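Trainee: Now that you have both chains on their own, put them together as the hints suggest.
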Amino acid sequence: MASEQKPGKPEQRASRRQFLEIAGGSALVGGLYGLTFFEHEGFAKPSHIRPPQKASASTPDIVAVQGNPATYGDITEQAINELGGIEQFVKKGDRVVISPNMGWMRTPDQAATTHPAVIRRLVKLCERAGASRITLIDYALDDWKLAFKICGAYDAIRGTRASLLSPTQPTMYKKVNVAAAVPNKTSDGADYDPRHHYDRIQQRLPRDIIEADCFIVNPVVKNHEAAVITIAMKKLMGCIWNRKDYHRYGLHPCIAEINMFLKPTLVVTDATRALQTRGPKGPGITTTPNTVVAGIDPVALDSYCCKFLTVENITPDQVQHLIIANSLGRGQIDTSQLNIKEIDGAQPS
Amino acid sequence: MSDISRDMPRMGGCGCGGSGCGCSSGKQPRGVIRVADIGAARAKTDQAANRAEAARLAKMVVVHKEEVGDGPYARFTAEQKRRMREAPGNPASHRIVRIRRAVQIATFMLFVAFFLLTTATGENKYGVDKNFFMLLDFLNTLKNTIASHHLALYAVGPGLFILLLTLWGGRIFCGWICPLGTTIDIADRLLYRKGRIFYSKKRSETRRFRNYKYIYLLTGLGALAWGIDILAFGDPISLITRTFTFVIYPPTAFVWNAILNSADAPPLHIGSVIYRMGGNLDSLRFPMTHYYNGVAVMLIFVGLLALSGYQERFWCRNLCPYGGLLALISRISWLRHYIKMDGCIHCKKCELQSRMGSYENLDRNAKAAPQHSISECIQCFRCETICPTDVIQIQARIPASIKEKLRLAPAGDAPRPEPQTEIDLGKRRVVASLGAGILWGTLVKSSPSEYQGIMRRYNRNEKAMRPPGALEESAFVAACTRCAECMKVCPTNALQPATFEFGLEGLWTPMLIPSIGPCAEKCTSCGDVCPTGAIRPFTWQDKRYKIKMGLANVDKSTCVAWNGGRDCIVCAEVCPYSAVVFKDTFDDTLPKDPTLPIDHKDPITGKEDNRGRTKRVPTVDERLCTGCGLCEYHCPVLPTHSIVVYSFQEDRSYQPPKENWWDGFWRGDWDKRKDAGKDAQYAATAAELNKHIALQGPASTVSPGADYNPDPHPGQ
Chain A
215 MASEQKPGKP EQRASRRQFL EIAGGSALVG GLYGLTFFEH EGFAKPSHIR
265 PPQKASASTP DIVAVQGNPA TYGDITEQAI NELGGIEQFV KKGDRVVISP
315 NMGWMRTPDQ AATTHPAVIR RLVKLCERAG ASRITLIDYA LDDWKLAFKI
365 CGAYDAIRGT RASLLSPTQP TMYKKVNVAA AVPNKTSDGA DYDPRHHYDR
415 IQQRLPRDII EADCFIVNPV VKNHEAAVIT IAMKKLMGCI WNRKDYHRYG
465 LHPCIAEINM FLKPTLVVTD ATRALQTRGP KGPGITTTPN TVVAGIDPVA
515 LDSYCCKFLT VENITPDQVQ HLIIANSLGR GQIDTSQLNI KEIDGAQPS
Chain B
2 MSDISRDMPR MGGCGCGGSG CGCSSGKQPR GVIRVADIGA ARAKTDQAAN
52 RAEAARLAKM VVVHKEEVGD GPYARFTAEQ KRRMREAPGN PASHRIVRIR
102 RAVQIATFML FVAFFLLTTA TGENKYGVDK NFFMLLDFLN TLKNTIASHH
152 LALYAVGPGL FILLLTLWGG RIFCGWICPL GTTIDIADRL LYRKGRIFYS
202 KKRSETRRFR NYKYIYLLTG LGALAWGIDI LAFGDPISLI TRTFTFVIYP
252 PTAFVWNAIL NSADAPPLHI GSVIYRMGGN LDSLRFPMTH YYNGVAVMLI
302 FVGLLALSGY QERFWCRNLC PYGGLLALIS RISWLRHYIK MDGCIHCKKC
352 ELQSRMGSYE NLDRNAKAAP QHSISECIQC FRCETICPTD VIQIQARIPA
402 SIKEKLRLAP AGDAPRPEPQ TEIDLGKRRV VASLGAGILW GTLVKSSPSE
452 YQGIMRRYNR NEKAMRPPGA LEESAFVAAC TRCAECMKVC PTNALQPATF
502 EFGLEGLWTP MLIPSIGPCA EKCTSCGDVC PTGAIRPFTW QDKRYKIKMG
552 LANVDKSTCV AWNGGRDCIV CAEVCPYSAV VFKDTFDDTL PKDPTLPIDH
602 KDPITGKEDN RGRTKRVPTV DERLCTGCGL CEYHCPVLPT HSIVVYSFQE
652 DRSYQPPKEN WWDGFWRGDW DKRKDAGKDA QYAATAAELN KHIALQGPAS
702 TVSPGADYNP DPHPGQ
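Protein sequence lines correspond, in order, to chains A and B.
All letters in the first sequence, in the order written, are residues 215 to 563 by the working numbering.
All letters in the second sequence, in the order written, are residues 2 to 717 by the working numbering.
Same shape as in the complex, but just chain B (with noise of 0.2 Å):
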C-alpha cells in the first residue's frame, strides 16, 4: 500500500526543489486524497462504525491503481522511480526557462513604466506618445478597424510583430510578453506557495472550460458587426491597465502620500526640518488620482487572481479572448513540441503540471503518447525542464507538411511533431457564438438609447459629457477599448468612468465631471494617448474654438449673486474664454433709492438703472463656452453647484489634423468635411474671444505658447 502511494505521481509537485523548473510548489497539495491518506483511514474505519465506508474507500484504491497503471514504467525499481522524478531535467531548457523569466519581468517592468509615464507634462506633449502595450494588442487595432472603422496605422507595425512572432512560436506573447499574464504568475508565487486552494485532479477539468474563450471571442467578433464592443472588457492588455489605473495606482499614491503627511505630525516635524534644510519633502509626493467604480474593476481583478487557485493561469487558459486569438493561429506555427515516445515512461509530470494544461492522455490505460495541444501552449518551456527522462524537446523546424510538399525531404521521413488534439469546438457552437453575437448586437442597436444616439447624436441623459475630441456617441461606444488611459492622463481627475450614464454598452468609458475636475485649458493629453481614435488627437487651439463639451447653465434659485447681491463673481474670474458675462439686471425686490431721478443713468455702463435697483448676475454667453466645467469645479456652492455644465449644444462634428500618415484613417475621411462651412463661425469665435483675452504680452515678455507644464516649481 504504501509503495504505491509512493509511486504515485503527485499533482503540483516537480521535485525540483523550488530551483528552475518554474513550478508553483513543492509540497502535496491540499484537499488531494493520497492512497497513504486512504490507508490511515481504512485503519481507522476498520472499526465496526463504518465499515461501508471503508469498503467504498478500498474500492477507490483499486480503481485508481488500474487507472494508472504500471506500462514500461514497471520494469524500474522503486529507488530507480524516485531518482527519475526528481531528475533536474534538461539544463539547457532550465537556461530557457530562466530566460524567459527575465524576459517577463523585463516586460512587466517596461509596462510600469509606460504606466506611470503616461502623464500630462506638456501642451501638445506627454510622457509617451500612447502605451506600447495597448498597440501590441492587435485584437484591439482588429475590432477598432472593424466596430468604428478607425485603421490606425501606428498600430499596425507593433501588432504585425506579434502576429509574425505568433505564426512562427505560438502563444509566446502569452507566456513571455503579457503583462497580465505575468501579473498572474507573480500572484501565483506569492498567494498559492502552499498548494492551490480548490485544485482539481480531474484531468477531463483541464478541457472543460477550454472553449469559452474561443465562445467569447466569437460572440464578440459577431456583436463587431454592429459595432458594439463587447471584447474590450476581456481584452488582456486593457484590463491590465484599467486595472492598474482603477485598483493599483490610486491606493498606492494614497498610502505613500499618508506616510509623507505623517512626517508633519506635531511631536517631530521632519516635514518642517526638511524645509528648513533645504528640501521640500511635498516633491516625493504622489499625484493623487480619484475613480468611480474602482471596486468593480478590483472584484474582477481579484476574481481572476483566484481562478488561478482551481488551474493555474485560468484566464489565459479559459477565458482571454487574445489568447483565443492567438491560439487560432498558432495552429500552424513552426516551434512546436517533438516527443520521443519510446523513452517516456508515462511519469505524467507533463500532463499533470503543465502551466496550460496543454498535455492530454487520452487513452484509456495510459500506453499511448500524451497529446500535446500547441493551441493551449504557451511556449514557457516547463515540460522540457521536468521531463525526467527528456523525451521532450521544443524545436523549431521546418512543419513535416511543408517539407514534402516542398520536396526536401521524401514523405514520410521528416520529423513529425506530437499528435495534436484538435480544438473541439464543433461547427454548431462556432455559429451559435456568432450567431449570439449577432443577436447581441442587434438588440443593442435597436435599444431606445442607441436610437437617440443614432439619430441625434447625443445621449439622453444631460449630465453624461464627453471627453473633449471625442468620436460621435455610437461610434465612440464602439472605438472606445476601456483601457482607462485617457483617465489616467486626465491631470485634473475629470475623466471617469462612467457606469450605465451612457447606458449599459457606456460601461467604464470616460465621462467628464466637472464637479470633480475642470477639463484644463492647454491640456490635450486625452487625445494624445488614446490608443483607439476614439478620443481624437486635437490642439488647445481646436478646443477652443471648433470643440464644444457642453454649455454652461447658471441656476438663478442657488447662485449667490443672482440671490445675495454682489457677493461672488467666480465663474467669471476663471472662465479663460471669456464666456461668463456679469450683466445688469433689474431686480425689484432691491430698494429703491428714492433721491435718485427716475431716468437715472449708471456711471460707468451709461444705462438706464431703475433708481439703483439693478444688481450684476452671471450669464453665459454660448458662442464662446466649450463646456471645460472650469466655473462648475469653482463655484462656491455646493454640492450641487448653481453654475452647471450640460451636454447641450456639444459639437463632435471636429475633424482631426492629420500631420503624419501614421495618423491612420478615419471613419468620416472618405466623405467631404464634416465641418465645412463651420470657417467662419470658428474665425468670428476667435475674434470675440481676442477681445477679452490678451494671449500675447507685450514684446518685453516670453512668447506664451511654449510648454504647459504642470510642475509647479518652474524656478527651482
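Next comes chain A alone, as it looks inside the complex (with noise of 0.2 Å):
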C-alpha cells in the first residue's frame, strides 16, 4: 500500500497506473454517458411473425361452426381444420403467442372473457403443432392473478406446457416503430395522418411478441361503451403498453394503425358468448351465439361477428375502427364480397 516513491524517478513508476486510473476513469465516464441512449427500452428486431396466408384459393375467408355448450373445444378445431389445420399456421419450432381475452375478474359466464374451453384446445392444437414455446398474453387492467384464476384461464392451461403472462411492467417491453407500417394516403387517395408518429404516440410491444413466429389472437365478442365493439382488433390493445395515448389522440384510428403494424397469422372469435351491454368489462346482458369464428383477416371477422351483437344492433359502418383499417387496406369490411363458410358443428364435416 504505502509503497515510498523512490526519489531519483519517481514519474516513471506512477506512468502506468495513472495511464491506467485515466483510461478506466474515462472509459467508466464515457460508458455512463453511453448508457443514457438505452435510457429505458433497448431497440427491437423488426417482427417475426409470419404474415398470415391461405392454405388455397378455395378455402373460405370466414368458418363460423356452431355447437353447443358441450362442444366448444371441437368446434374450435373444427373451424381450424377448415382453414387447412393449425400445421397452416404453427410450424414446428414456433414461439406461439396467443392473445385470449383474460384479464378481468368475471366468470367465464359472464361473457367478458374467453371461454377455458377454446383457450384450452387452442393450447392443445399449438403443442400438437411442435410449438416450441406457448405464452399467453393479455395486458390484465385488474388484479391479474385473480383474473387469471376466476376467468378459468389458468385452469385451461393446467397440465400444457404454455404459461400466462400479463406484462404490467414497462422494463418488459421494447419499443417499436408503428408509423412505418401506417400508408400516409388511404385507398381512395385521400390523405391520411397518421396518429402513430414520432412525437406524438410511441408504441411498445412485450418482448414475447416481437421475438415471436406466431401471433394467434382469440378474442370473445363484446360490446364496449367507447370502441362501440370489441372484437379482434380492438383486442391488440392488450398486448401494447401504450394505451393512454390511444384515448387521447381517438381510439378509432389508433386501433386501425396498430392493427396495421401488427398482423396476426391467424384469428379465432370466440362467439361461444357475447356481451352485449356495459362491456367490456361487463356485467351486462349476454347472449350465447354458440359459435367460433376462425379466419385470417380481422377485419372481415369483427365484421362478420357484428352481427352477433343482437341487443344494440350494431351494424360494421357504425364501427369507424372497421372503417378506417378497411380503407387503409388492411381487409375487406363488406360481408358479402367475402367466402363465409357456416357450419353447423353437430354434423360432422
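Just so you know, these hints were derived from the structure itself, not from any lab.
Small disclaimer: the values here were computed from a predicted structure and weren't measured.
Incorrect hints may have been included.
[What the hints assert, rightly or not] Stretches of chain B that chain A covers, calculated by requiring three or more beta carbons in the stretch to come under 8 Å of a beta carbon on chain A: (1) 153 to 165; (2) 282 to 295; (3) 435 to 446; (4) 634 to 645.
[Claimed, not checked] Below, a list of computed lysine-lysine pairs in the BS3-like style, where the Cα atoms sit at most 25 Å apart: (5) B:Lys-464 x A:Lys-458; (6) A:Lys-458 x A:Lys-268; (7) A:Lys-458 x B:Lys-692; (8) B:Lys-584 x B:Lys-608; (9) A:Lys-458 x B:Lys-557; (10) A:Lys-521 x A:Lys-555; (11) A:Lys-458 x B:Lys-602; (12) B:Lys-557 x B:Lys-464; (13) B:Lys-679 x B:Lys-659; (14) B:Lys-659 x B:Lys-608; (15) A:Lys-338 x A:Lys-306; (16) A:Lys-338 x A:Lys-305; (17) A:Lys-521 x A:Lys-338; (18) B:Lys-616 x B:Lys-557; (19) A:Lys-521 x B:Lys-404.
For each residue, glycine too, the CB sits at the ideal point set by N, CA and C.
Mentor: Below is the structure:
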C-alpha cells in the first residue's frame, strides 16, 4: 500500500498506474454517458411474426362453426381444420403467442373473457403442431393473478407447456416503430394523418410478441362502451404498453394503425357467448350464439361478428375503426364480398 | 532539527504498513506542518525578504518542542524509539480487530440483505417481516412509545439485547453492528486513503463538537414530550435505510437496467439471441423505483461522509443521537481500558489515532497518563493494537466499586480502570436543550396546520394523502421515523416522501401519489413492514371495506367522456371496487334525433333519453370508493388527470387487528373501539360490492384468495 517512491525517478513508477487510472476512469464515464441512450428500453428487431397465408384459393375467408356448450373445444378445432389445419399456421419449433381475453375478474358465463375450453383446445393444437414455446398474453387491468384464475385461464393451461403473462411492468416492453407500417394515403387517395408519429405516440410491445413466430388472437365478442365493439382488432390493445395515448388521440384510428403494424397469423374469435351491454368488463346482458369463428383477416372477422351483437343492433358501418382499417387496406369490411362457410358443428364435416 | 522532526509523533499514520491495526493511513497527511518543513521553509526564507516570517516559524518550533516534551521517552535512543513506534503492537488484539471487521462486514451484508428482501411478494406476506435493524434501534422504540403511545412489543427484545450489550461493553453497537458506522468506515477506506483532507492537529478540537450529540438527543427528547419527533432525521438506522432507499438503490438499478437495455441494441441484439435460445434477459432486471427528495437525502449523506475528512467518524463522535444515548448508558459498562502508566512512553499514538478521539491528555506537560473516555469509545480495539509498549489492555472486569461494595476485594486493591474524563455538559446546557425541545414542540403544536390536524383530523392540503392504515395525522407524524421502508416496499412506487405537503413536521413522511402509482388492490406491504406502527397492519379486506384514503372526483371540464361522447371508459374499467359508474346524462348540446318520439325510451336502460340527447359519463359512488387512485393512474388525460383522488372523506378510524400478543399496544386500545357502530356500514359496503364483483369463481376454478404475487411469470 504505502510504497515509498524512489527519489530518483518518481514519474516512471507512477506512469503505468496513472495511465490505467485515467483510461479506466474515462471508459467508465464514457460508458455511463453511452448508457443514457438505453435509458428506458432497448431497440427491438423487426417483428418475426409470419404473415398469414391461405391454404389455397378455395379456402373460405371466414369459417363459423356452431355447436353447443359441451362442444366448444371441438368446434374450435373444426373451424381451424376448415382453414387448412393448425399446421398451416404453426410450424414445428415455433414460438407461439396467443392473446385471449383473460384480464378481467369475471366468470366465463359473464362473457367478458374467452371461454377456457376454447383456450385449452387452442393451446393443445399448438402443442400438437410442435410449438416450442406457448405464451398467453393479456395486459390485465384487474389484479392479473385473480383475473386469470377466475376467468378460467389458469385451469385451461393446466397440464400444458403454455404460460400466462400479464406484462404489467414497463421494463418488459420494447419500442417499436408503428408509424412505418401506416400509409399516408387511404385506398381512395385521400390524405391520412397517422396518429402514431414519432412525437405523438411511441408504442411498445412485449418482448414475447416481438420475438414470436406465430401470433394468434383469440378474442371474445363484446360490446364496448367507448370503441363500440371489441373483438379481434381492439384485442391488440391488450398487448401494448401505451394505451393512454390511444384514448387521447382518438381510439378508432389508433386501433386501425396498430392493426396495420401487428398482423396476427390466425384469428380465432370466440362467439360462444357475447357480451351485449356494458362492455368490455360487464356485467351486462349476455347471449350465447355458441359459435367459433376463425379466419386470417381481423377486419372481415369483426365485420362478420357484429351480427352476434343483437341487443344494440351494431352494424359494421357504425364502427369507425373497421372503416378506417378498410380504407387503409388492412381488410375487407363488406361481408357480402367474402367467402364465408357456416357449419353446424353437430354434424361431422 | 531533523532529529526532532523524526521524533515527532505522526498524525494519521500508525506505522502498521496497512496490515492490521485498522488505521486508514500510512502516510503523512496533507495540511500538517512538519518541523522538517519548517526547517526547509526557514532555509528558504533566510533571504532578507521574509525575515519576519522566519522568526515566527522559528518561534513555533520552540513552542512545539515544549509542548511535546521528552519525558520518560528521552531515555531511549533514536533507534529504540523508531522500533517502538513501528512495533506491531499486541498480536491478540490484532486478532480481535480482524474479528471486529468481519462482524462489521457480516452485519452490513445482513443489513443489505434485509433491505433487498423488503419487497412485496405476497398478499399479507412479505420478504421480511420488518427490517431487523430498525428493531435494534431502541431509541426508535423509546420515542415511539413516548410520542405516539404505541408500545411495539416485537421491538422490545432486540432493543433489550442492545441495551444489555451496552451495559456490559459500552458502545459495541456503534463500532461493530451499526450499518451507518460501517458505511462510514468503508467510505473512509475508499476516500481518505491518502490522508484526511482538512484534518486538524489541534487536540482540543476532538472535544469541540462532542456535546452536540447530547444536545440533539436532549432537544429531541424535550420535543417528544409534545409528540414532535425531530430525532428521526438523525436516527442512524432510519438515516441509512432512507439513504439506501432514495440514494443508493434507484441509481444502481437504473444503471444496471441500462446495461441490460444496451444488450438489445441494433448491431448484435444480444437480448433477442438469448430469448431465442430459451432464456429471458429481462428476468435479470432490478425493479426500478423513483423518489422525490433524493437529492436532499444524498446531500446529507455526502456531507456526513465528507465530515469524516475532518475527524474520523465525525457523525458518530459528535452528532448521532442514538450514539449519545448509548454513550450515556455506557458510563457504567464493564468492558474498560486498563492503562499501565509505568510502561507508557507518551508516544501519543492512542490519542492521535483513536477512531473516536476518546483518549485525551489534558496535562500541560504531557507527563500524566492519557485519560480515556468510555462514553466516546466504540470498542474498536484499535488503541490496544497500536500501543507500542502494550500498556493498554481492554478487559471486562467487575468494576472496582462493585467489588469493594460486595466485599469481593479489599478497598483500593481491585484493579481500577483508566481515569475517566467526565461528560462536559453542564446543568445549564441540559436544561436549555430540553427547554428548547419543549419550546419547539409548543410552537409546532400551536401552529395552524397542527391545529387543523388536532381539530379536524386531516391535513389542509387536499392532494396530500396518507398510505392505507395510517394513524390520525398528528399521531402519524409523531410515530413515523422516516425510515422509508414503506416506500421501498411499495410495489407500484405510489408512496413518495412528502416535502412540505403536510407542513414542516411532515417532511419525508410517506405520501400516496396516485398519478405515480396506484395503491394495489391486494397489497398490504406497507402496514406489514412499518417498524413503528405509524402504518397499522391491515388486510386487503380491511382496505376494501374499512379504510378510506380519499375520494375520486371527476373533472367534467377535461374528461374525455364528458366532452367527447363515448370515447373513454378507462376509469370504470380499472376500478376494482366498482366505484366508478357510467350513467346516462342529458346533454342539450348533442343533436336531437327528430325521428324519435318525445317520450322515447332507451332500449337498454328503459329510461327516457330526450330523443337520444344523452351521453354516458363517469360518476363516483362514494360508498364504494376507497381512494386507491387506480382510476387516476390510468386516466389518459395528462398531465392533470380528469379523475383525481383528493383526501376528502378520508377515514382513519380503522382499528388494527391484533393477532399476536407481540403486535403491541396502540394509543387507542384502552378506549372503546373507534369504529364501533360502523359494522352495519361495512356490511352494507360489502353487500354492494359483491353485487358487482364475483370474487369467487365457479366451483371448477381455483379459489382466488390464495396469494398475490407480482412476479409476472406464473407458468414459467
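Trainee: Examine the segment 634 to 645 of chain B: at least three residues should have C-beta closer than 8 Å to a C-beta of chain A.
Mentor: holds (count 5)
Trainee: Taking 25 Å as the top limit, are the C-alpha atoms of Lys-458 of chain A and Lys-268 of chain A close enough?
Mentor: 35 Å, violated
Trainee: For the pair we were handed, Lys-521 of chain A and Lys-404 of chain B, check the Cα-Cα distance against 25 Å.
Mentor: 99 Å, violated
Trainee: Given the hint that Lys-464 of chain B pairs with Lys-458 of chain A, test it: the Cα-Cα distance must not exceed 25 Å.
Mentor: 22 Å, holds
Trainee: Cut-off 8 Å, C-beta pairs, minimum 3 residues; does the coverage of the segment 282 to 295 of chain B by chain A stand?
Mentor: holds (count 4)
Trainee: Decide if the proposed pair is consistent with the structure: Lys-659 of chain B and Lys-608 of chain B, CA atoms, cutoff 25 Å inclusive.
Mentor: Status violated; Cα separation ~50 Å.
Trainee: Counting residues of the segment 435 to 446 of chain B whose CB is closer than 8 Å to a CB in chain A, do you get three or more?
Mentor: violated (count 0)
Trainee: Decide if the proposed pair is consistent with the structure: Lys-557 of chain B and Lys-464 of chain B, CA atoms, cutoff 25 Å inclusive.
Mentor: 18 Å, holds
Trainee: Between the alpha carbons of Lys-338 of chain A and Lys-305 of chain A, is the straight-line distance 25 Å or under?
Mentor: Holds - the C-alpha atoms of Lys-305 of chain A and Lys-338 of chain A are around 14 Å apart, at most 25 Å.
Trainee: Take a quick look at whether Lys-679 of chain B and Lys-659 of chain B sit within 25 Å of each other, Cα to Cα.
Mentor: Holds, because 19 Å separates the two Cα atoms, which is no more than 25 Å.
Trainee: Does the alpha-carbon distance linking Lys-338 of chain A and Lys-306 of chain A stay inside the 25 Å limit?
Mentor: 14 Å, holds
Trainee: Going straight from one Cα to the other, do Lys-521 of chain A and Lys-338 of chain A come out at no more than 25 Å?
Mentor: 29 Å, violated
When each numbered hint is compared with the structure, violations occur for hints 1, 3, 6, 7, 11, 14, 17 and 19.
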